[in-house]
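> Chains as they are written, first to last, in my numbering: chain F, 1 to 350; chain R, 1 to 73.
I should point out that these hints are in silico values taken from the structure, not numbers from a laboratory. Heads up, some of the hints might be wrong.
[To be verified] What follows is a list of derived Cβ distance ranges for each label pair:
1. F:G160 / R:N4: 56 to 64 Å
2. F:V149 / R:Q51: 45 to 53 Å
3. R:K27 / F:G321: 46 to 54 Å
4. F:I346 / R:K27: 45 to 53 Å
5. R:N53 / F:L244: 22 to 30 Å
6. F:P189 / R:S30: 56 to 64 Å
7. R:S30 / F:G25: 57 to 65 Å
8. R:E52 / F:L125: 44 to 52 Å
9. R:E52 / F:L244: 17 to 25 Å
[As the list claims (entries may be wrong)] Reference excerpt, derived from the structure (chain R facing chain F, CB under 7 Å, subset only):
10. G10
11. L11
12. S12
13. C13
14. R21
15. V25
16. E39
17. D73
[Stated by the list, open to error] Pairs of lysine-lysine, BS3-like flavour, derived with a Cα cap of 27 Å:
18. R:K27 / F:K349
19. R:K70 / R:K19
20. F:K222 / R:K19
21. F:K139 / R:K19
22. F:K350 / R:K60
23. F:K349 / F:K152
24. R:K60 / F:K349
25. R:K27 / F:K152
26. F:K350 / R:K70
27. F:K78 / R:K27
28. F:K139 / R:K70
29. R:K70 / F:K152
30. F:K222 / R:K70
31. F:K78 / R:K60
32. R:K70 / R:K27
33. R:K60 / R:K19
Built from N, CA and C at the ideal position, the CB exists for glycine as well.
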Amino acid sequence: MHNNRLVVIAGLVVGFFGAFLVLWGNPLNMGICVACFVRDIAGGIGLHRAEIVQYIRPEIIGFIWGAFLLSIFNGEFKVRGGSAPLIRFLLGAIMMIGALAFLGCPLRMILRLAAGDLNALVGFLGFSGGIWVGSQFLKMGFSLGPSQVLGKINGLIIPGLMLILFVLFISLPDIFFSSTEGPGSSRAPILLALGAGLAVGSLSQRSRLCTAGALRDLFLIKNLHLFIGIIAIFSAALVGNLILGNFSIGFADQPVSHTDYLWNFLGLGLVGITAVMLGGCPLRQLILSGEGNTDSGLIFFGMLAGAAISHNFGLAGSPGGLGMAGQIAVIGGFIITFSIAGTIIIVNKK
Amino acid sequence: MGNNLIDTRGLSCPEPVLKTRQAMVDKNNSVIRILVDTEVARDNIRNQAEQENFSFSLEKQGEDYLITLKRRD
Numbered sequence: 001m002h003n004n005r006l007v008v009i010a011g012l013v014v015g016f017f018g019a020f021l022v023l024w025g026n027p028l029n030m031g032i033c034v035a036c037f038v039r040d041i042a043g044g045i046g047l048h049r050a051e052i053v054q055y056i057r058p059e060i061i062g063f064i065w066g067a068f069l070l071s072i073f074n075g076e077f078k079v080r081g082g083s084a085p086l087i088r089f090l091l092g093a094i095m096m097i098g099a100l101a102f103l104g105c106p107l108r109m110i111l112r113l114a115a116g117d118l119n120a121l122v123g124f125l126g127f128s129g130g131i132w133v134g135s136q137f138l139k140m141g142f143s144l145g146p147s148q149v150l151g152k153i154n155g156l157i158i159p160g161l162m163l164i165l166f167v168l169f170i171s172l173p174d175i176f177f178s179s180t181e182g183p184g185s186s187r188a189p190i191l192l193a194l195g196a197g198l199a200v201g202s203l204s205q206r207s208r209l210c211t212a213g214a215l216r217d218l219f220l221i222k223n224l225h226l227f228i229g230i231i232a233i234f235s236a237a238l239v240g241n242l243i244l245g246n247f248s249i250g251f252a253d254q255p256v257s258h259t260d261y262l263w264n265f266l267g268l269g270l271v272g273i274t275a276v277m278l279g280g281c282p283l284r285q286l287i288l289s290g291e292g293n294t295d296s297g298l299i300f301f302g303m304l305a306g307a308a309i310s311h312n313f314g315l316a317g318s319p320g321g322l323g324m325a326g327q328i329a330v331i332g333g334f335i336i337t338f339s340i341a342g343t344i345i346i347v348n349k350k
Numbered sequence: 001m002g003n004n005l006i007d008t009r010g011l012s013c014p015e016p017v018l019k020t021r022q023a024m025v026d027k028n029n030s031v032i033r034i035l036v037d038t039e040v041a042r043d044n045i046r047n048q049a050e051q052e053n054f055s056f057s058l059e060k061q062g063e064d065y066l067i068t069l070k071r072r073d
């Protein structure tokens, strides 16, 4: 089917950049990671002071601008918003806390898997479980309610802010916090990173690629379409990693990861549930932000806040594992998420 | 507009296609009409119609789309 071809092309391009951005300077097994890169931007603008993860990642700006430009071009730029904004902000923050407990968004999970990191397999099981739970919520009548049509200016806020951020970043780089060691200091050249972001952003806009939607559609409507995109990401990244000699299979000593099985499982489980409740994975939220969806724009802000909370309070995973504070935060995230979902389901039933 | 019109405008993914599928599963529905406001929902419903053996027709109504699905025998 014509549609499948698009999602395969998008997946292959994401997988290719996922592998090769590492060669060009990004951290190992982190050619692309939406959660990590949003976290780096949160650090870059000083929302948290974890010195090893601060950088204005041009890829994120590229994702949003790629989606923005293509959606303007193909008439899919539609400005909407006002569907449970505060809940979306909160769930965006919780999604981020879960991702940083695992050390990566679902996209990085696929890239880690394609580099032989078996901890990502544990994460994948958790993610699938979370998507399954979120899908049950939807079946039980969970909905954050319809959005409204808003004036065009609302949809320009996120792309506009990204443009300002980028212009400031290239003209006055010293005003931002910037890592000199650790993952935040491993960077692909700015224009290459931006270009990769634009390619991934526009192709994801066109194909609706979504790591959460892939499994959700499989569970809910027995539709394989988006899952084919995931297989494409994995395949391209696997081939790329083998070419680059960046493949070693096992659990221990994998780059920017930990072997705390339970918390890898639960961290991405929390991402799975919140992603289904929010209508898409972290990458998809950025794409929707570019397309004029201000609810997703607010989720993006929620993700920035979640990253700040995560690093200011030591909730993020590290190669040593997930500390007590992070474990409590993940459990707390589940409690809040289930409370919100449960309340909405009960109210909608009445 | 009949009372079997499903209005999915403004709903996040995958609610439009989910509501459509719920209507498809009910064998009493031979014709289903859905109002959508995004191309994503439109395309998802088109894919789903193909998979569940429904015919698909589309009518643009301003910014929105009115989709009519008919069960194939």
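> All hints, please: hold or fail.
For each hint, the structure was consulted:
{"no.": "1", "hint": "F:G160 / R:N4: 56 to 64 Å", "result": "violated (42 Å)"}
{"no.": "2", "hint": "F:V149 / R:Q51: 45 to 53 Å", "result": "violated (30 Å)"}
{"no.": "3", "hint": "R:K27 / F:G321: 46 to 54 Å", "result": "holds (53 Å)"}
{"no.": "4", "hint": "F:I346 / R:K27: 45 to 53 Å", "result": "violated (30 Å)"}
{"no.": "5", "hint": "R:N53 / F:L244: 22 to 30 Å", "result": "violated (45 Å)"}
{"no.": "6", "hint": "F:P189 / R:S30: 56 to 64 Å", "result": "holds (58 Å)"}
{"no.": "7", "hint": "R:S30 / F:G25: 57 to 65 Å", "result": "holds (58 Å)"}
{"no.": "8", "hint": "R:E52 / F:L125: 44 to 52 Å", "result": "violated (30 Å)"}
{"no.": "9", "hint": "R:E52 / F:L244: 17 to 25 Å", "result": "violated (43 Å)"}
{"no.": "10", "hint": "G10", "result": "holds (3 Å)"}
{"no.": "11", "hint": "L11", "result": "holds (5 Å)"}
{"no.": "12", "hint": "S12", "result": "holds (3 Å)"}
{"no.": "13", "hint": "C13", "result": "holds (5 Å)"}
{"no.": "14", "hint": "R21", "result": "holds (5 Å)"}
{"no.": "15", "hint": "V25", "result": "violated (10 Å)"}
{"no.": "16", "hint": "E39", "result": "holds (5 Å)"}
{"no.": "17", "hint": "D73", "result": "violated (22 Å)"}
{"no.": "18", "hint": "R:K27 / F:K349", "result": "holds (24 Å)"}
{"no.": "19", "hint": "R:K70 / R:K19", "result": "holds (16 Å)"}
{"no.": "20", "hint": "F:K222 / R:K19", "result": "holds (14 Å)"}
{"no.": "21", "hint": "F:K139 / R:K19", "result": "holds (10 Å)"}
{"no.": "22", "hint": "F:K350 / R:K60", "result": "violated (34 Å)"}
{"no.": "23", "hint": "F:K349 / F:K152", "result": "violated (34 Å)"}
{"no.": "24", "hint": "R:K60 / F:K349", "result": "violated (32 Å)"}
{"no.": "25", "hint": "R:K27 / F:K152", "result": "violated (41 Å)"}
{"no.": "26", "hint": "F:K350 / R:K70", "result": "violated (31 Å)"}
{"no.": "27", "hint": "F:K78 / R:K27", "result": "violated (35 Å)"}
{"no.": "28", "hint": "F:K139 / R:K70", "result": "holds (24 Å)"}
{"no.": "29", "hint": "R:K70 / F:K152", "result": "violated (35 Å)"}
{"no.": "30", "hint": "F:K222 / R:K70", "result": "holds (20 Å)"}
{"no.": "31", "hint": "F:K78 / R:K60", "result": "holds (15 Å)"}
{"no.": "32", "hint": "R:K70 / R:K27", "result": "holds (12 Å)"}
{"no.": "33", "hint": "R:K60 / R:K19", "result": "holds (20 Å)"}
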